[in-house]
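Enquirer: These are the residues of each chain, in order.
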Amino acid sequence: MNVRIPGLLRSYTAGAETVELKAHATLDDAVRDLDASFPGLRFRIVDEQGAIRPHIKMFVDGELARRLDASVRGASELMIVGALSGG
Amino acid sequence: MASTKKTAATSAPRRTTLLIATRKGLWTLAADPARRSWKLTGPQFLGHIVHHALADPRDPRTILAAARTGHLGPTIFRSTDRGRTWKEAAKPPAFAEGSGRTVDHSFWLAAGHPSEPQVWYAGTSPQGLFRSTDGGVTWTGVAGFNEHPQRKAWCGGDQDGTPDGPKLHSILVDPRDPKHLYIGMSSGGVFESTDGGADWNPLNKGVKALFLPEPDPPFGHDPHCVRLHPRDPDRLYQQNHCGIYRIDRPAERWTDIGAAMPKSVGPIGFPMVLHPRDPDTLWVFPMDGSDVWPRISPGGKPAVYRSVNGGKTWQRQATGLPKAQAWWTVKRQAMTADQAPTVGVYFGTTSGEIWGSRDEGRSWKCLTAHLPHVYAIECA
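In order, the protein sequences belong to chains A and B.
The first sequence: position 81 = 81 (the working numbering), numbered continuously.
Here the working numbering runs 1000 ahead of the position in the second sequence, where the first position is 1.
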């Protein structure tokens, strides 16, 4: 699965705009895999109770995923976006 | 304690450098030896909301910065080379999974006792207390507070507190005893622990809480900034939402020292700074807490007020400050003092100016301007 990394997280990926992940069943699995490669990234976008942070959006093949238990089975792209966080 | 005093008294004064934490990043302002000219460097963490940056008094090469962004969750950055390079905490402050609570931001950083050189504390919004025993790399909740059966009663709900969220701040470590701690909470009040944070008791007698129905409630107060004097650790002061107070332990009741402020100015403000060597000298920066609480300099005429007798009387110190139409204020972490023989006092404003006095407040000069909203300044 191809992961599109927003600018605000590229300090974790050494500037990489996209990252390849192996196939996963859930968004949670995918984000944990991402965190294993880029430690600390998960907590910036997911809080300690397992909720996606309010101004982070994650799209799985173009569909907005609101929870980490969303399926990513067979998905080809995960797009992480930061949006609407104020002035 | 004796060794702590000796170290402080015999150390050569360091050149004053201010760490300036703002709503949009971190800057540094460094003085020449005479503190006449200042050099601004930065930004670092541009675009990050930096609530506090603090140099370790036990090892000034180490600096911690509490940051988040509008999008990203809260974290702590750590430098061990005076701010040249930074590394993110491996495990930032976070409440326990399943607790239902989430840290919005780390608000207040405090170095631990000199006998525990790797210990740091962090206070969060909403109110949580965290401890690191490895210099700020990993952080663990202080269960004695975060899971205390009375915590919710003390603090109210996570939605109660300041417009920027409820906060745990003013983490104070008694220089005589690493297990003797105080914290302040907005809201919640001042609390004390004598067992390293395993249990806590309110310390709010005598403090007004005009927003609560009880005349002298045990907790639920709104201390804005609490300070403990390093040379006389039984002497504490607080700038509260409802006045200015002093306590001399083991007394349990605070004394109202804000009543001596001029009526036209009032006793409301956010920050409070103590003289590093004289327990009777302190500075406050009043703000307008009348009517709908504008929270700006009263009348648009900013002024510092100093007391040299423990709050019995106050003197206005406004020489060099704008005489009119200056509508900024100073947040609770945005005022500090250096260690020089004639103490320098500094504050940062909500409009991004840093003001300094090299003569203990008698005269003021704008050291730099046009920064973002200043949240905190500390001497590095």
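Treat the hints with care, as some may be off.
A short, non-exhaustive set of chain B residues, derived as facing chain A with CB atoms under 10 Å [to be verified]: (1) Arg1101; (2) Pro1276; (3) Pro1279; (4) Gly1310; (5) Thr1313; (6) Asp1359.
Quick list of in silico lysine-lysine cross-link-like pairs, DSSO-like style, CA-CA up to 30 Å [unchecked claim]: (7) B:Lys1179 to A:Lys57; (8) A:Lys22 to B:Lys1087; (9) B:Lys1091 to B:Lys1039; (10) B:Lys1365 to A:Lys57; (11) A:Lys22 to B:Lys1024; (12) B:Lys1152 to B:Lys1091.
Far from chain B, some chain A residues (derived; all Cβ distances over 12 Å) [unchecked claim]: (13) Met1; (14) Arg44; (15) Glu48; (16) His55; (17) Ala70.
Treat the hints as calculated values from the structure; they're not laboratory data.
Since the structure is predicted, the reported quantities are computational estimates derived from the model, not experimental observations.
For each residue, glycine too, the CB sits at the ideal point set by N, CA and C.
Enquirer: Each hint: holds or not?
Expert: Tested hints:
no., hint, in the structure
1, Arg1101, "holds, 8 Å"
2, Pro1276, "violated, 36 Å"
3, Pro1279, "violated, 40 Å"
4, Gly1310, "violated, 42 Å"
5, Thr1313, "violated, 43 Å"
6, Asp1359, "violated, 38 Å"
7, B:Lys1179 to A:Lys57, "violated, 43 Å"
8, A:Lys22 to B:Lys1087, "holds, 28 Å"
9, B:Lys1091 to B:Lys1039, "violated, 34 Å"
10, B:Lys1365 to A:Lys57, "violated, 46 Å"
11, A:Lys22 to B:Lys1024, "violated, 36 Å"
12, B:Lys1152 to B:Lys1091, "holds, 25 Å"
13, Met1, "holds, 22 Å"
14, Arg44, "violated, 4 Å"
15, Glu48, "violated, 4 Å"
16, His55, "violated, 4 Å"
17, Ala70, "holds, 19 Å"
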